[in-house]
Every structure is written in structure tokens, then in C-alpha cells.
Amino acid sequence: MKAVLKKEFKENLLKAVIETALLSGIAATLIPFGYKILGSLETQIPMVMQKYGELFAKLKDLNFFIVSQWFGKNLLELAILFAIINGIGIIAGESERKTAIFLFSKPISRRSIYCAKIIVATVYTVVPIAISTFLILLFAKTVPQHINYVLFLKLLAESIFASSLTVVLSGAVSIVIDDRIKGGFILVVAIIGAVFLSKIKMFRFLNYTLLFTGDFARSITFSLVGIALLVILSIHLIDRKEF
Amino acid sequence: MNAIECKGLKKSYRTIEALRGLSFTVPEGSITGLLGPNGAGKTTTLKIINGLLTQYKGEVRIFGQPVAPSDFEYRKKIGFVPEEFSLYEYMSGSEIIAFNGEITGKEGKEIIKKLQSIFNLPLERKIATYSRGMKKLLSLYLALQTNPRLIILDEPTDGLDPIVRSKFFDFIIDYVSNSGTTVLFSSHIIPEVERISDRVVFIKNGKKILEESVDTLKENSALFIVKRENSNAKMPPDLLYNEKDGYFEIFAIGNVKFVKEKLLLSGFEVVKELPLLFEQIFVKFMEAYDESSA
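Those protein sequences? They're chains B and Y, same order as listed. Residue numbers for the first sequence follow the numbering used here, so the first one is 1 and each next one is one higher. Residue numbers for the second sequence follow the numbering used here, so the first one is 1001 and each next one is one higher.
Take these hints with a grain of salt, some might be off.
Claimed, not checked - Going by beta-carbon spacing under 8 Å, a handful of chain B positions derived as facing chain Y:
#1 S105
#2 I108
#3 V176
Just so you know, these hints were derived from the structure itself, not from any lab. These numbers were taken from a predicted model, which means no experiment stands behind them. All C-beta atoms, glycine included, are put in the ideal place defined by N, C-alpha and C.
Next up, chain B with everything else stripped away, as it sits in the complex:
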């Protein structure tokens, strides 16, 4: 397993660096810029302030801004996307490149290979999230406002667990569908479909985005249970997979 871990870290490093750079770039540029623009609206449009004073009061609130713009928008979209990119290739990538025959005929258990791959894909998804979010904290230091660290860390934890769940979900799809584009497309359509379906009251639980910015205890529990179940399912699938 150690050898496969090493190989996976090396093989996916560039992808992780690009993802980190992208997320960090957004964190370091869009967030300060957006905060400045939105914050200035209060003084620039006094009439609107009069009408929506209560809401606008929050615009200058850094915590409100971080929650709504970073965790609720930029990170949410990219974390799901990166998690799918990182997870969807773990087995399908080997099948597509025809390296699966080499790897899976070696005296190493399929479960070890799967575990090594899913660990690396998860680490490489979580690290860009953590680094870029840390940059937001650095930016927050430049603004003379109190930061709600508890809320901040809760949202970061939610994002990390929900992204990990997405990686594991993508990994399961990767075992079943030997084509990364096809598997990724099906997964994206399924997630978007579930979010749309969640507009109906009885299917509210299907709202995938709530895992990232929902009720903390529920999000974490749902993510952890989901990860555990999907790992068990994936191990079952990989044991039966034919190459």
C-alpha cells in the first residue's frame, strides 16, 4: 500500500497544485475585491440603505461576507468540482490508460489499492480547500473586525467532510464506469438533478449543497455516514471488478 500511496501522491501532485493555485487565487483576489465593492455600496446608495438597512448592515460584516461569498459560493462550487475531478479517475483512470492490468495483477490486495487511491484523492482535495481558506483568514486580519472563528472552523470542517464524501462518491462511480468523462458527466448531472429535486419539500434531504453550508451536526453526520457506506460499497465493487 505504501508504494501505491507514493505513486498516487506523485502522479496527482500537479493536479493538486493547479487546484490549490486556482482556489488560492480566487481566495486572494476575488474575496478582498468583492468585500470592498459590496461594503462600499452602503455609503454609495443611501436610498437602498434606508430601504434594506437591516440586510445591508450585514454587508460590512466580514463574517457574513465570508459565509455567503466564500463558503456559500466560490468554495462550494469549486470544492465539488475538484472533488469529482480527483475522485472520478481513481480506478477509471487506470482502466482508460490500460495500466489497471499491470497494477491489479500484482500481489497486492484490491482493497489496499483502492484505499491508497482514495486517501490520496481526498488529501489532494482537502489541502487546496484548507490552504485557500487560510488565505481568507489572512485577509480577514487586514479588516478591523472581530472574526467568528467558531463559525469559520465549523464551515471549514463541513466543506472538508462534504468534499471528502464527494471524492468517495466519485471513486465509487469510477469503479463502475471505466470512462472518466462519462462518469464525471453522469455524477454532475445526478448532483444537479438532486439539488433541483430538493426544491420539492419531501426531497429536501437531496440538497447536496446543504452538506457544505447546512446544519453543522447534520452535515458532518451525514457526510461521515455517507463516506463509511460508500467506502464499504466501493470495496465490494472493487473486489468484483473485472479488468
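Add chain Y to chain B, keeping to what the hints say.
Leaving out everything else, chain Y in the frame of chain B:
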């Protein structure tokens, strides 16, 4: 002891039956050629033995031990050169050898050095720059790196030029005679099989149709040219023949004595008894199987 024992292997791909109760053995220390036309089930069989296919019926034993699809420890004893495969192209030859050594727990420096003295692959170069033949050779390096007790080669010389192919087989013969390693290999190139195998297993449509030593098969196969001794002589109904100008051509594959006796008893005179090339034996046997199964 048998290095490989397959009993009643059945495997289907959706509606296609690839293996239909295939059974054969590979004795330890032998070089066994697995022969058959395209789609006979050779690659499927080799994939099952190597644990790449999991949904099949039947039993596989490696050195006496039954193996399940989830087993992997037994693969330490096997070196496998697959027919269709790829290696990590971003790695160099040396890097993949090191990676293979880490996975299998065997560095195999000596054997790699020996192989390098013969084939001299540019191991410092990225695999992406290798030709198909070079990749095939590298896969042989990887298969032998662990000093396996059993080597499985699926179309091993596909993509190799004739000189390298010759060196390849010289090496395999030399390696096996010095180490006592068992080899099971499949190939479309019949003279290749004849050159290195001591046993052959013919398979067709997922079934074994013959399992015999190469020498016995050659000794017991011949082309008879016969003519009627008397005008009442009738060709036995189970013999396939071609008739031309009163002479009959009859191929006896693996049953030369039986056919000869039958011909004599039926009132035919053997004019000539010609030895057959191994390739002729294979082709005629496959044709005869077609006729009999039709």
C-alpha cells in the same frame, strides 16, 4: 505437482460464452503453449489465473492451492506479461522497476542486470518514449523481477522484431532450464510455440480440444497418401480425406497408428506416410474439430 490446474472454467461476457468448462493442467517445470484461434478464450483464461477476472465458475489451483478471485498472495509466485496493457508513461524504465520492486517486495537487481546485458533497454528514458516492442520487453523485466515460480506470457512477442524475438525465446529457454520455472504462454505464432514448448493445450470456443506433449503429437501425426487395394475398399466414415486421381490424402493428427490400422483393415494401401509440420497439425486439428462439432 501441477503448477496450474484449471477445472471446468466457465466465463461469459453478457451473452457470449468465452469459456465453456475449460479444464487443463500445467505440470511444474514445463513450458506449455496455450493455442487457439482468435476468440478461443486464451486471454480470458490467463486473466482468470492472474486474478483480473472475478466473475467465473470453476476452479483454479496454483501449485496445489485453490485460489479465489479475492486472493492475491499467490500472485507473488507469478510473473505475468499481458497481451494488452500499458505502463505508467510518466515513469522511466528504472522508476517502474523500482515501483514494481516496492509492490512485490523484491528488487530483483540480478535478473534485471542479466536482462539488461541481453536487451539493453534505455531504462533512464520515460516509458512514453518507448516503442511497443520496448514496452513488451520492459514488461518481461517486470514479470521476471520477482523470480517467479510461474511465468505467464500472453502473446509475448507481439510487437518485437525478429532479432529481439529470437533473443527473447533464447532467454526464456535458458532461464527456464536454469531455474526450473514453469511457463504458460499463448501465441498466434505456431513455430514460436513449437520452438519453446514441451506441451501444448489446444482450445477452441472456450473448450479444450487437445492436451499433449509436442513430441508425442508430432510423432503421432502424419499425412497418409493411400490408394484402394481392391475396388470394393470403402473409406471409413470417421476419416476426413481429399481424393484426387484415385489417391486419398488423410491427415492423422495424434492418432497415426489407429488411422493406419483402420486404413489397412478397410482395404487401402499406404503409398506414402509424410511427417507433418507443427503448424499443419494445429490447422488440421482445428479444421477437424470444426467438422466434428458441426
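Hints versus structure:
1. S105: The hint holds - B:S105 has a Cβ within 8 Å of chain Y, the shortest such distance being about 5 Å.
2. I108: Where the cut-off is 8 Å and the nearest Cβ of chain Y is about 6 Å from B:I108, the hint holds.
3. V176: At 14 Å from the nearest chain Y Cβ, B:V176 fails the 8 Å test, so the hint is violated.
The structure is inconsistent with hint 3 alone, although it conforms to all the rest.
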